[in-house]
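Participant: All letters in the sequence shown, in the order written, are residues 1 to 145 by the working numbering.
It is worth saying that the hints were derived from the structure and are not from the lab. The model shown is predicted, which means the values in this text are computed figures rather than measured ones. Watch out, some of these pointers could steer you wrong.
[As the list claims (entries may be wrong)] Between beta-carbon pairs, the in silico distance windows are:
hint, residue 1, residue 2, range
1, 111, 36, 36 to 46 Å
2, 122, 47, 27 to 37 Å
3, 40, 97, 14 to 24 Å
Virtual Cβ for every residue (Gly too), placed ideally from N, Cα, C.
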Amino acid sequence: MKRLVILLAFTACQLFAMAQKELHIGPLFEGKIVPHDQMVETRVRGRSLSKYGLTYFHSLRFEPSGKEEKTLKKLLKEDMAERASQEYKCYIDDEKDLYQVFMQLPAVNGKNRMLCYKQHYDRVLVIYMEGPGASFNTLEKMSNK
1 MKRLVILLAF TACQLFAMAQ KELHIGPLFE GKIVPHDQMV ETRVRGRSLS KYGLTYFHSL
61 RFEPSGKEEK TLKKLLKEDM AERASQEYKC YIDDEKDLYQ VFMQLPAVNG KNRMLCYKQH
121 YDRVLVIYME GPGASFNTLE KMSNK
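Using the sequences plus the hints, can you model the full thing?
Facilitator: Take a look at the structure:
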């Protein structure tokens, strides 16, 4: 029984990783653009997300170099062009040096998927989330915490 639980947990982890790998910005979550030791990473699954209607939440916070920032914005634009389900919101406020993108991705296995990129001055927050309740509203609430 214990082996089955471990096997199921491992399989679930691989599925979540695969969902992010299909994104152009996916290498960020693997530490290939900004090293993991320069990021604060949060991954949450399970009951604690049920009140938001989510099954998976993954966020990264970091301060990119100029080269990393340029790479990230290029990859983000590619995802917006190719993977956004015709729905994304982009906010730019030059006075506050704020750049935000909220993107709805194509659903996988009946789960909505959302991606947020938020840059305020030199700090960046990237959120990927899945679940039946994943929406722009949920994403905006979670990105403002």
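Participant: Each of the hints needs a verdict: does it hold here or not?
Facilitator: Taking the hints in turn, this is what the structure says about them:
Here the CB-CB span from residue 111 to residue 36 is close to 26 Å, at odds with the stated 36 to 46 Å. In this structure the supplied range 27 to 37 Å holds for residue 122 paired with residue 47, their Cβ-Cβ distance being about 35 Å. For residue 40 and residue 97, the hinted distance range of 14 to 24 Å is satisfied, since their beta carbons lie about 20 Å from each other.
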